[in-house]
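Enquirer: If you want the building blocks of each chain, they are given just below.
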Amino acid sequence: MTASLSTSGKDQTIRLADVRKSYGDYDVLKGIDAAVSRGEVVVICGPSGSGKSTLIRTVNRLEEINSGSIFFEGQDIHAPMSGRELNQLRSRIGFVFQSFNLFPHLSAVDNIAMSPIRVKGVAPREAHEKALKLLDRVGLREKADSYPAQLSGGQQRRAAIARTLAMQPKVILFDEPTSALDPEMVQEVLNVIRALAEEGRTMLLVTHEMGFARQVSSEVVFLHQGLVEEQGSPQQVFENPLSARCKQFMSSNR
Amino acid sequence: MIHDLIAIIDDYWLLLLIGQYPNGPLGGLANTLILSALSIAIAFPFAILLAFARLSTYRMLRWPVTVLVYVTRGVPLLMLVLWSYFLVPLLTGADVPSFYTMLATLVVYEGAFLSEIIRAGIVALGQGQMDAARALGHSYFGAMRYVILPQALYNMIPSMLSTFVATIKDTTLGYVINVPDLTFAASQVNNQLLTQPFQVFLILALTYYVICWSLTSLTNVIERRITRRRAGLASKRRQLAISLTPNATEQP
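These protein sequence lines map, in sequence, to chains D and E.
Here the numbering used here is used: position 45 in the first sequence is 45, and no number is missing along the way.
Here the numbering used here is used: position 243 in the second sequence is 243, and no number is missing along the way.
Bound conformation, chain E alone (with noise of 0.2 angstroms):
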């Protein structure tokens, strides 16, 4: 067993790796992780617009995001890999990569439920920080930027954590419209091996989670330093200065 995991990976590291490049497109476990950062990347800062848009007081803005968000959360990710396969082409008459239809989908699907957090964690912060911000003499943007999203973003951490996670594992659907990723190049080694799928697969399923196990342990250093610094254990001498204040541990 373990034999033919070996076997397997001797025989097609590099097709797992890279896919046919550089004889074809760059396939492989390379251009899952380049969906994958892609997909976040630009889901993201799409997100936090989406965000603000759903909180904005313009309704031209904020029902037609609002209907973007619910329409996407409510329609499967498949459904809308193969709608944008099929529709776009014909929408605009170009031959658009795979890719950058997955690419696109992704963003938008992720981005509608990525969006619904990080509005929870605006709104969960609640008016007062908005006000002091806006009193102080801030702009809107400048509160969002400065005051808000800093303390949302953190709040929602292992939330969006789940969305990143989920955005990595969704990049696999990429197989159906021929994306060329780690799971497209797993089963041209299946179909070659033909005998071997349980192995073949198992490969696949412990190279996902050793990704995806990566960025939940990336995250949770990122989590424990910003909460360490905010709560001013930065240092063990200043530790040692708040032990020694007797106010400090004094709540009203």
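Isolated chain D, as found in the complex (with noise of 0.2 angstroms):
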């Protein structure tokens, strides 16, 4: 199953070629063919265990690979290179944890504001001013002191999209956004998503929330047994997935 064949693609923020990825002898990836163009978003869905968390890890190689090649905006991610180059690639990729990991010692508007400060040395005053225009965003305003054990699981979840929003990246990862979360705080959450997909944002979702990903997603990739099973429009994907496996999978997810 390849995805897109135009392997020029400038407008091709991610494309991964053949990405094979094994722990021992246990093969996780066999060999994933996919691409996210820019203003896509691209939902990743499957059962448990098909690779999903470890494919989105390997985009910003917090998972190193076997074989096969990543490319973010023509670069190849996974290419030897110094990590002061990757810093910087990784600095351009977003990436929201399933364990939001804010930073704890850290008040929200901290979280948010440190990175840059940091990675990019935007001014403190700057970086603040924006961490505040953020949080503003994502309806976390009056919370901009509050330290994360004091935000509610939603809350931190929204604070987590703010710090990667802080970044501007060129692309979002987000590794199951709602999970463990109570259904009115998945609201919360996923209403933060669709107003960035909305914007034109380019993203790569891995997700259990169908319904969800069939409002907002370009393009759907059903992946099961690390391999790319079915892959195509949500309509497509949701109402007559050509896969077995697949069927199966979106009849129990109703």
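Since the hints were made in silico from the structure, they are not lab data.
Predicted, not measured: the structure shown is a model, and the values here were computed from it.
Glycine included, every Cβ here is placed at the ideal spot set by N, Cα and C.
Misleading hints may appear alongside valid ones.
Stated by the list, open to error - Below are the EDC-like pairs computed for lysine to aspartate or glutamate, each with C-alpha atoms no more than 20 angstroms apart in a straight line: (1) 120/D with 85/D; (2) 170/D with 131/E; (3) 120/D with 110/D; (4) 30/D with 11/D; (5) 120/D with 131/E; (6) 133/D with 199/D.
As the list claims (entries may be wrong) - The following label-pair restraints were derived from C-beta to C-beta distances: (7) 178/E with 88/D: 52 to 62 angstroms; (8) 158/E with 233/D: 53 to 63 angstroms; (9) 45/E with 84/D: 17 to 27 angstroms.
The task is to assemble the complex, starting from two chains supplied on their own in separate frames and drawing on the hints.
Expert: Here it is as structure tokens:
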């Protein structure tokens, strides 16, 4: 299953070519091809253990791969490069973690402002002003001075999204942004992500929220046992899946 | 009894305070404080470096330091002190003052213990914090400095404090290689008086107790201050604001 065959693709923000990864004898990813074009929202779904989280972590090289390549704006992320180059690349790829991973020793506003200050050298005053604007955008303005422990799960998740936005990434990767939240909080978070999609942000999401995936995504990739089992427009994948496994998964997730 | 103590202090306070100085080397309480402060001040950053090496992916770095830490922790301090005292002059041919021999030994010994505490603090944080920092573009050491260490060191304050207090108490072992510290001065006093060892060493014990107790109190104050700041209770106004917001207490 090859996705976009156009390999030149200047508008392709991310392109994965035959990505393989194994832990010892266990093959997690068995040759994944996929692409995310600029302004597109691509959703990765699939049953547990299909390699979704591993796949998304390889995109900013939090996980190494065994073979294949991953291009970000034409640059191979997994090519040999200096630590400085890699940090530079990573700072342009946003990543929102499944477990938020806010920094518990910093207030919400400092969580957001710290990396622009330390990584990009933005003036502290400017970074803080921008952080407050971002908090405003995710509806957490009044929580600016709160510490992560004082925020609810949904609030932490939104703060983590704001922290990622502060670096002005070209693409944002979401690893199950709504897991372990109650339905109300899920809506809070989805609304924020939906707003980002409407803004034309390029995003790659791993999610189990099928209804949401259907609304916002331009393309859906169904992963099964380390392979792309089905790939296409949301209508096609959700309503007329070609593969039996995908059909079964979709019907159980309705 | 109290009379004896006061009399001893009255007669020998200068010796206990600064040793033979200025007619001889600086000693007494002053030297004990300097030795303790220097040991802690050098052992602490040294321990952070050891912990980094222990966590390193490079074997060339990890293995030698692991051996150093294990050996150091498995050997009595007194043996290390005697060893450096007799061995270092043989190896270097230089006449190293006993103060520096003791300082170096303490730095290595306490550094080994401290490094394990710091390493445990870093490991206990889990991979998530490092991942988050790296994903935002921080370098490994940038992530350590701004994200990992502020949390790990804070969490480990109680354990590190024990090691700091142990360091102060361990400076007394300098006695065996004639480091002119408080213990040394007290034993000089004892040798002159001959009949009042209990009183003399009671003064010594009390002095060490006050030093260690001061350090403990100071650390508690610092710890409480950080805790309060991190709990967001720095000001009453803010505390009120939190209690008025129902969301703040709702946990998922």
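Enquirer: Mind checking the alpha carbons of residue 120/D and residue 85/D for me, to see if they're no more than 20 angstroms apart?
Expert: Holds, at roughly 13 angstroms.
Enquirer: Would you mind confirming whether the straight-line C-alpha gap from residue 133/D to residue 199/D stays at or under 20 angstroms?
Expert: This hinted pair holds, its Cα atoms lying about 16 angstroms apart.
Enquirer: Compare the distance between the alpha carbons of residue 30/D and residue 11/D with 20 angstroms, and conclude whether the hinted pair is satisfied.
Expert: Violated, at roughly 26 angstroms.
Enquirer: Is it true that the C-beta distance of residue 45/E to residue 84/D lies inside 17 to 27 angstroms, as the hint says?
Expert: The hint (17 to 27 angstroms, Cβ to Cβ) holds, given that residue 45/E and residue 84/D are roughly 25 angstroms apart.
Enquirer: Hint check: residue 120/D vs residue 131/E, CA-CA at most 20 angstroms. Holds or violated?
Expert: Holds, at about 18 angstroms.
Enquirer: Using the beta carbons of residue 158/E and residue 233/D, state whether their distance is inside 53 to 63 angstroms or not.
Expert: holds (57 angstroms)
Enquirer: CB of residue 178/E to CB of residue 88/D, is that within 52 to 62 angstroms?
Expert: With a Cβ separation near 57 angstroms, residue 178/E and residue 88/D satisfy 52 to 62 angstroms, so the hint holds.
Enquirer: Run the distance test for residue 170/D versus residue 131/E: straight-line Cα separation, threshold 20 angstroms.
Expert: holds (19 angstroms)
Enquirer: Against the 20 angstroms threshold, does the CA-CA distance of residue 120/D and residue 110/D hold or violate the hint?
Expert: It holds: about 15 angstroms lies between the C-alpha atoms, which stays within 20 angstroms.
Of the numbered hints stated above, the single one contradicted by the structure is hint 4.
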